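As given, the protein sequences belong to chains A, B and C, one line each in that order.
Following full-length UniProt numbering, the numbering of the first sequence begins with 1 at its first residue and continues without gaps.
Following full-length UniProt numbering, the numbering of the second sequence begins with 1 at its first residue and continues without gaps.
Following full-length UniProt numbering, the numbering of the third sequence begins with 1 at its first residue and continues without gaps.
Do not rely on the hints blindly, as some may be mistaken.
[What the hints assert, rightly or not] The list that follows gives simulated cross-link-like pairs (lysine to any residue, SDA-like), each with its CA atoms no further than 25 Å apart:
| # | chain 1 | residue 1 | chain 2 | residue 2 |
| --- | --- | --- | --- | --- |
| 1 | A | K113 | B | G32 |
| 2 | A | K113 | C | R115 |
| 3 | A | K113 | B | G95 |
| 4 | B | K18 | C | G146 |
[To be verified] To give a feel for the contact side, a few chain A residues facing chain B, derived at Cβ under 7 Å:
| # | residue |
| --- | --- |
| 5 | A106 |
| 6 | F110 |
| 7 | H112 |
| 8 | T122 |
| 9 | E123 |
| 10 | V124 |
| 11 | I232 |
| 12 | E234 |
| 13 | N235 |
| 14 | Q236 |
| 15 | L237 |
| 16 | I249 |
| 17 | A253 |
These are computed hints drawn from the structure, not numbers from a lab.
Bear in mind the structure is a predicted one, so any value in this text is a computation, not a measurement.
Every residue gets a Cβ at the ideal spot worked out from N, C-alpha and C, and that includes glycine.
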Amino acid sequence: MSRDHAVNDWYPVADTVRPGARATRLLDTDLQVAWDGAAAAVTDAAGTAHPVQIRYGHVWTCLGAAPRALFEISEAEEPGRRLVPCGRVRVRCSPLRAVENFLDIAHFPFVHKGILGAEPQTEVFPYAVKIREEVDEVWATQVRFHQPQAAKSAGGATEIRYEYRVPHPMAAVLYKTCPPRPEAWDVIAIFVQPVSETECIAWPWMALYDDESSHAEMVQFQQEIFVQDRSILENQLPVRLPLDPRMEIPTRADLTSIAYRRWLKRRGATYGAMTEAQ
Amino acid sequence: MTPCPVALSRDLPPGGVKRVFARGRELALWRGASGQVAAWDNRCPHRGMRLSHGFVRGDRLACLYHGWQYGTDGTCAHIPAHPELCPPATIRATGCDAAEAGGVIWVAPEGYAAPPELPRGLVALRSLTFRCDAARLARICGLEAAPVLYLPDHPSLVILPNPLPGGQVEAHVLTAPLPAADRVAAVHLTEALRRAAEAEETA
Amino acid sequence: MTFTLYNDVLDAECYKVRLLAALLGLSPRIAAVEAHPGAGHRAADFLALNPAGTLPVAAAGDLVLSGAPAILVWMAAAHDVTDRWYPRDPGPMAQVQAWLETASALAATAGALRREALLEHPAPSGAAQSAEALLRRMELHLLLQGMGGRGWLVGTHPTVADIACFADVALAPDAGIALDPYPALHAWTLRLRALPDFLEMPGIAPLHALVDPLTGHR
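Start from the sequences and build out the full structure, keeping to the hints where you can.
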């Protein structure tokens with residue numbers, strides 16, 4: 001489908017962990033990305049420079065003439081949180097499938113067995129989903145699930161509460177019970193770089209309260225989870241996300257995904273999607 | 001049309017699931033605990049996950065993504081996210097006819113058709129994939145393309161070719177009952193056939 | 001005796017060590033090394049331990065071992081009282097050695113393709129053809145082993161050779177290499193995944209078929 005809507009959003013094209021240059025691709029456009037530790041530059045094959053901003057541990061760029069504002073994650077500024085960019089993982093799937101999977105909890109006992117879920121505790125309890133019109137974001141609240149080891153800091157099994165937020169067609173933010181601080185939320189986000197409609201690079205990022213784990217442990221905990229998902233994402237057919245409700249069969253557990261697909265369709269964010277049964 | 005030979009029966013034990021192709025159609029082939037074989041389109045109706053990555057429990061195939069379980073008739077029998085729910089009969093995996101004959105699993109993508117007659121008493125040797133098409137496989141055996149290849153130089157061997165996407169072909173090889181040493185020799189013969197066919201391909 | 005394993009969760013070489021440790025009932029202390037995105041394996045403290053800058057590393061007191069083949073052999077020789085995982089008879093011992101070399105060749109081809117697919121580290125040219133040749137060789141060997149009533153690469157019990165070769169075979173689909181054309185190889189991976197105390201890694205799912213859905217246990 002057309003990338004007309006997609007070109008005016010910001011996307012991550014590098015992390016800021018180490019200075020360096022990389023050749024990459026965004027929305028079918030070849031790019032050169034340079035990050036020297038203080039400033040970044042993004043240019044395409046014709047030598048055109050594209051705008052850059054450094055946010056949430058990543059270099060973001062936009063290819064379009066009328067960039068929409070990049071969403072805010074206010075927790076990124078909170079003192080005491082550890083900010084954890086988790087590197088990149090390439091996946092041969094639609095960028096939208098990668099986001100939708102991030103919003104799904106029913107797969108935990110099967111794909112993340114022993115970590116985020118385990119049989120026989122497979123039930124997804126009712127939760128609330130709405131499109132918050134004032135901010136034009138999809139929100140799922142009052143989500144809860146039984147987890148054997150919800151976070152590196154969790155120690156043992158707990159019932160975990162979640163809120164999910166989709167502020168951007170190719171990014172999602174998860175607010176999750178923070179085991180050491182019951183009054184606060186841990187923040188885990190997935191920023192997706194659409195390479196093409198059928199290939200993407202996921203850049204997970206976290207803002208956690210955790211005084212125990214090493215940085216490497218937190219990074220690897222998240223990498224383990226995401227690469228488990230990758231095996232699923234590369235095996236969904238069709239590769240592009242179907243927006244026609246007749247193509248796939250959701251249940252009550254999929255309310256977030258239903259709202260996400262509807263929200264994509266209504267804003268015309270169809271890059272990586274298919275809109276009619278084929 | 002004749003059905004497609006997609007696997008040797010012995011390579012799909014009870015509880016087994018694998019991906020196969022029948023005239024370009026991608027299928028999940030599986031066998032329940034009681035022995036029955038089924039061939040379904042390789043996507044879960046829920047979120048499109050390949051069912052060939054799933055797992056078998058009893059006489060149900062479960063999708064790896066969310067654990068949805070389907071009975072041998074294709075209807076969804078269990079959705080773990082809603083353990084109390086009786087899934088509507090409209091949720092079902094679609095498939096095609098699968099049958100076993102002569103130690104081979106046959107799939108008919110266009111509706112029921114009888115497998116070709118084979119000599120009695122053949123034994124499964126192996127399945128292997130050739131990086132060449134079915135016509136070249138037949139030619140290297142000294143034959144015209146056909147659903148069953150009786151090797152003129154090796155009368156104890158029978159090859160059932162099944163074309164795959166990408167111009168490849170898998171060969172399901174059967175033999176007359178042979179002593180162990182001759183079975184090993186037959187395996188090496190299939191390797192030699194493949195080397196010859198693929199050498200011709202690159203020449 | 002316990003040891004410390006310097007580990008990267010996405011690295012197939014490290015997984016070989018974790019897997020054999022689990023099967024032997026060992027619980028090494030895991031020291032996470034952030035290879036991506038941080039290049040922790042290039043940091044001065046890690047290079048002091050292993051100047052080659054490679055993972056995995058096992059440290060047991062003064063003994064520091066690097067590389068999966070050496071660590072696997074050491075674990076089996078030191079901790080397996082049955083002598084089955086690393087046979088001491090000359091013939092099988094040398095066969096195990098040969099398969100350890102095949103495992104290294106798999107890592108350099110199928111493993112390199114996986115790192116390219118996941119992490120964009122370029123694989124050497126020709127890796128796909130070389131990987132296919134190795135998988136075909138393993139398929140032939142396991143087919144003939146099966147015809148002789150032997151289910152493993154060497155003999156009738158799994159050895160460190162099976163563990164060393166398993167990782168890159170089972171992870172091949174992550175690199176876009178389908179295992180459909182290799183029925184004997186596929187059956188062998190299922191046998192390995194069904195071993196008691198088998199440990200999965202991302203890309204290698206547990207055998208859910210063996211779980212009792214009512215209790216969640218095997």
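Hint compliance check: list the failing hint numbers for this structure, sorted ascending.
3, 7 and 12
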